[in-house]
Amino acid sequence: MVNAYLVSLAATALVMAVLAMSAQLLVGLAGQPPLGQAAYLVVGAYTAATLATLTSLGPVQLLAASAVGAVAAAVTGLLAVRVRGTTFLMVTFGVGELVHAAAGQWAPGGSEGTHTPPVIALPGLAPMVRPGWVYLYVLACTLIIGAAVTVLTRTRFALLLRGIAAHEPRVQATGHHTSGLLLAAYTAAGAIAGAAGALLVAVTRYVSPADAAMGISAIALAAALIGSGSMIGACAAAILLVAVRDWAGGLLSGHGSTLLGLSFLALAYLPRHRLAGLLRLRDRGRT
Amino acid sequence: MSAPLLRLDTVSRAYGARRAVDEVSLDLHPGARHALIGPNGAGKSTLLHLIAGTLRPTSGRIHYAGHDIHRWPAHRRARAGIARTWQHPALARPLTVAQNVLLAVPGQHVAALRLRPRASAAALDALDQVGLAEHAQWPTSQLSYGDQRRLEVAVALAAQPRLLLLDEPSAGLATTEVTRLAELIRALPTDIAVLLVDHNLDFVTAVADTVTVLHHGQHLTTGTPSDVRTHPDVRRVYLAEADPTKHVPTTPGATDPPAAAPPVLRVRNLRAGHHGAPVLTGVTLNVRAGRVSAVVGRNGAGKTTLINTIAGLHPALSGTEIALNDRLMTGLSARRRCRAGIGLVPQGRRLFAGLTVAEHLALPRPHPGRPRTITARQILDLFPALGERRHHRPHQLSGGEQQMLALARALLAGPQVLLLDEPSEGLAPAIVGQLAAIITGLAATGSAVLLAEQNLALALDIAHDVAVLDRGTIALHAPTADLRADPTRLQDVLAVPTGSPR
Numbered sequence: 000m001v002n003a004y005l006v007s008l009a010a011t012a013l014v015m016a017v018l019a020m021s022a023q024l025l026v027g028l029a030g031q032p033p034l035g036q037a038a039y040l041v042v043g044a045y046t047a048a049t050l051a052t053l054t055s056l057g058p059v060q061l062l063a064a065s066a067v068g069a070v071a072a073a074v075t076g077l078l079a080v081r082v083r084g085t086t087f088l089m090v091t092f093g094v095g096e097l098v099h100a101a102a103g104q105w106a107p108g109g110s111e112g113t114h115t116p117p118v119i120a121l122p123g124l125a126p127m128v129r130p131g132w133v134y135l136y137v138l139a140c141t142l143i144i145g146a147a148v149t150v151l152t153r154t155r156f157a158l159l160l161r162g163i164a165a166h167e168p169r170v171q172a173t174g175h176h177t178s179g180l181l182l183a184a185y186t187a188a189g190a191i192a193g194a195a196g197a198l199l200v201a202v203t204r205y206v207s208p209a210d211a212a213m214g215i216s217a218i219a220l221a222a223a224l225i226g227s228g229s230m231i232g233a234c235a236a237a238i239l240l241v242a243v244r245d246w247a248g249g250l251l252s253g254h255g256s257t258l259l260g261l262s263f264l265a266l267a268y269l270p271r272h273r274l275a276g277l278l279r280l281r282d283r284g285r286t
Numbered sequence: 000m001s002a003p004l005l006r007l008d009t010v011s012r013a014y015g016a017r018r019a020v021d022e023v024s025l026d027l028h029p030g031a032r033h034a035l036i037g038p039n040g041a042g043k044s045t046l047l048h049l050i051a052g053t054l055r056p057t058s059g060r061i062h063y064a065g066h067d068i069h070r071w072p073a074h075r076r077a078r079a080g081i082a083r084t085w086q087h088p089a090l091a092r093p094l095t096v097a098q099n100v101l102l103a104v105p106g107q108h109v110a111a112l113r114l115r116p117r118a119s120a121a122a123l124d125a126l127d128q129v130g131l132a133e134h135a136q137w138p139t140s141q142l143s144y145g146d147q148r149r150l151e152v153a154v155a156l157a158a159q160p161r162l163l164l165l166d167e168p169s170a171g172l173a174t175t176e177v178t179r180l181a182e183l184i185r186a187l188p189t190d191i192a193v194l195l196v197d198h199n200l201d202f203v204t205a206v207a208d209t210v211t212v213l214h215h216g217q218h219l220t221t222g223t224p225s226d227v228r229t230h231p232d233v234r235r236v237y238l239a240e241a242d243p244t245k246h247v248p249t250t251p252g253a254t255d256p257p258a259a260a261p262p263v264l265r266v267r268n269l270r271a272g273h274h275g276a277p278v279l280t281g282v283t284l285n286v287r288a289g290r291v292s293a294v295v296g297r298n299g300a301g302k303t304t305l306i307n308t309i310a311g312l313h314p315a316l317s318g319t320e321i322a323l324n325d326r327l328m329t330g331l332s333a334r335r336r337c338r339a340g341i342g343l344v345p346q347g348r349r350l351f352a353g354l355t356v357a358e359h360l361a362l363p364r365p366h367p368g369r370p371r372t373i374t375a376r377q378i379l380d381l382f383p384a385l386g387e388r389r390h391h392r393p394h395q396l397s398g399g400e401q402q403m404l405a406l407a408r409a410l411l412a413g414p415q416v417l418l419l420d421e422p423s424e425g426l427a428p429a430i431v432g433q434l435a436a437i438i439t440g441l442a443a444t445g446s447a448v449l450l451a452e453q454n455l456a457l458a459l460d461i462a463h464d465v466a467v468l469d470r471g472t473i474a475l476h477a478p479t480a481d482l483r484a485d486p487t488r489l490q491d492v493l494a495v496p497t498g499s500p501r
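Protein chains in written order, with numbering that gives the first Met the number 0: chain A, 0 to 286; chain B, 0 to 501.
Don't read these hints as lab results, they were simulated from the structure.
Here the structure is a predicted model, which is why all the values come from computation and not from measurement.
Glycine residues also receive a C-beta, built at the ideal position from the N, C-alpha and C atoms.
Careful: at least some of the hints might be erroneous.
To be verified - Derived Cβ-Cβ restraints for the label pairs, each shown as a range:
id : chain 1 : residue 1 : chain 2 : residue 2 : range
1  : B       : Glu387    : A       : Gly84     : 31 to 39 Å
2  : B       : Ser58     : A       : Gly179    : 26 to 34 Å
3  : B       : Gln159    : A       : Ala146    : 29 to 37 Å
4  : A       : Met89     : B       : Gly353    : 12 to 20 Å
5  : A       : Gly93     : B       : Gly353    : 55 to 63 Å
Said to hold, decoys possible - From the structure, some residues in chain B lie toward chain A, with a derived Cβ separation under 7 Å:
id : residue
6  : Ala73
7  : Arg78
8  : Gly80
9  : Arg92
10 : Pro93
11 : Ala158
12 : Ala361
Said to hold, decoys possible - With the C-beta cut set under 7 Å, the calculated list includes, among others, these residues of chain A facing chain B:
id : residue
13 : Arg81
14 : Gly84
15 : Arg153
16 : Arg155
17 : Phe156
18 : Gly162
19 : His166
20 : Gln171
21 : Ala172
22 : His175
23 : His176
24 : Ser178
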């Protein structure tokens, strides 16, 4: 029943869950929808792939990918945080497409992508070849990232971001540089997306410019929106969307896109707040 | 005298060719209680925006505590000690009341996970000052309008400002709350300077040492409240007392239409609540053609809930009966009710931000089944000020023009009963006079008007009968003439302790 394909699919779903948390930080907390988070995922993935020639140690790759993702987001975020709302969506989309194109042009392996050796979870352990071990490694990393994000959502920083989403001039009038706060949030989201990139490399042992495609960013944003403000909701939605696209789509011989579109519609019309209530997600979400 | 805390040096702000603020100079010393008054559109709010940094002056300098701040962004001015409130509550609604205040409490670290006891004490203290400590954990969206206004003051105070800018702090507050607000402002530490914009002259007199009058963006005069009130130019442009006939158009009562006419709008046992908490527990009310009925009551008494429930914007609980000309409205959507003839002018006007005046007036259509009672041309005759502003968008209009536009929009749909939610809020006395004349004129042509109003004087001025809303029901419903003859009756019902602290 549970074959290697399903296990690696589950690991891919976790990677998408991490990317959805990255999107949720921006849209769920700060109210700014990003449509380019896959760019930082790919930046992180190529960082991990490049580093793999030096070390196969997974955590090192993860931290490096996260750091480079944050730097990339901090630089490109300067463009994004100048605008709000739909324009923010457009700017992040544009940045994502530029990174996509740049990866095809200059990244190692060109548009073919590049393969990496299996990662090692901890020093002294063997490289992880079997999907089960990879899944457990990705699950552990996802839980750690999720815990860090949960801590972040309970800080004063998160309160200020929610204030910006609700009424930005009010937050300015209380003495806060709102664009600076948004840039910090964008950088943190880039770090999370970069980490997701390192996890992607651990799962697929391969990275290509296609991973920066707009469709990946769109699924992350859709998962965040379906999660209506909650981090766990975004993760659940991301896992659900990957399951629909790859697993159910595979069973129905390649109708993944059809199913994905239908599930977007279904989730948009379902009473999301009630779904979320079932999963007890809204304790610290929007009231 | 010490150096001024704030000095405006020939500050101007132009919107295209129109100068909203025209070379205004002003000095504010620490401890000052300074009020800005003037007709709607005089540039008072714009001036506050220029000081707070949400707008930049087109020319002139702003000096604050020894710095030239006219190029500083808003957040830098806020950190330097300038706190402000907005004309309409600017709050983070998804957050709780306490969280809104905590946004402003200084001395907290951005990465802090736990709230410092000092910060939460400061937040509670600020809430206590305005009497909202009991509601600290409420979601802000559940506060009544007046309580939201008080929360804004708490947010501004929590920032421990040196200069406090208040944009119409008394608008939407009941008389007792206005008195308390005046006491609060007077009791602020003497090193805080307060600059406030308000239309309530009694409030201004109670609070301010100095009053500046603006007119068409220009400085008209500055003096003590009593000097300014007797200044002939002020009386002419602001109080419109040179022409008293314009102010109080007709005296209802003398021309009372027969009260026995069948009611146009009949409300029986109206019940409604917010999130399970009952607000209205059985309101029964008739509104007749040709008459103005006013609903008065304290903040949070449920006036807006009543209006919105009748309009179909707020769900009614079971047992409610709302009938228009004997046709049952309960259960119909707001759109169907509007087509049936219920017109609404909501509180805060709710204009469409992106549309011009002309586009606003092109939108409403009366139901084809009903005779079109009024055309856009007639509307412009009724509101001549709108005719000159056909291509302006709401943010370019003054508060009075915005209110006229909201009223015009509702009238174009040809309503049989018009619901008005606090139409006088934020309007200068002269404009309130015009508004009163328009409302009385509408009733005289046979419209039924239901008016929810905080401004008791206006309600008594134009309504034929007044209903007092208290604890979810109509506590008193009497013809205005009776209430004017015996004002203590009204005071007794309205002056019940509010149950808030102090």
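Problem - Minimum beta-carbon distance criterion (7 Å), arginine 92 (chain B) to chain A - result: holds, 6 Å
Problem - Interface hint outcome for alanine 172 (chain A) [beta carbon to chain B under 7 Å] - result: Nearest chain B Cβ about 5 Å off; hint holds.
Exercise for the section: Double-check glycine 80 (chain B) for me: the hint is only fine if its C-beta lies closer than 7 Å to a C-beta in chain A. Expected result: violated, 9 Å
Practice task
Let me know if the C-beta of histidine 176 (chain A) comes in closer than 7 Å to any C-beta of chain B, holds or violated.
Solution key: holds, 5 Å
Handout entry: glycine 353 (chain B) and glycine 93 (chain A) - C-beta distance against the hinted 55 to 63 Å
Key = Since glycine 93 (chain A) and glycine 353 (chain B) have Cβ atoms about 24 Å apart, the given range 55 to 63 Å is violated.
Handout entry: Supplied contact hint for glutamine 171 (chain A), tested at 7 Å Cβ to chain B
Key = holds, 4 Å
Problem - Status of the hint placing phenylalanine 156 (chain A) at chain B (closest C-beta pair under 7 Å) - result: holds, 5 Å
Problem - chain B contact restraint on histidine 166 (chain A) - CB to CB distance below 7 Å - result: Since the shortest Cβ distance to chain B is 5 Å, the answer is holds.
Handout entry: Pairwise beta carbon distance, serine 58 (chain B) to glycine 179 (chain A), judged against the given window 26 to 34 Å
Key = With a Cβ separation near 29 Å, serine 58 (chain B) and glycine 179 (chain A) satisfy 26 to 34 Å, so the hint holds.
Practice task
Using 7 Å as the Cβ threshold, decide whether alanine 158 (chain B) counts as touching chain A.
Solution key: holds, 6 Å
Practice task
Using the beta carbons of methionine 89 (chain A) and glycine 353 (chain B), state whether their distance is inside 12 to 20 Å or not.
Solution key: Hint holds: Cβ distance 18 Å, inside 12 to 20 Å.
Handout entry: Interface hint for alanine 73 (chain B), Cβ within 7 Å of any Cβ on chain A
Key = holds, 4 Å
The structure shown violates the earlier hints numbered 5, 8, 12, 13, 14 and 24.
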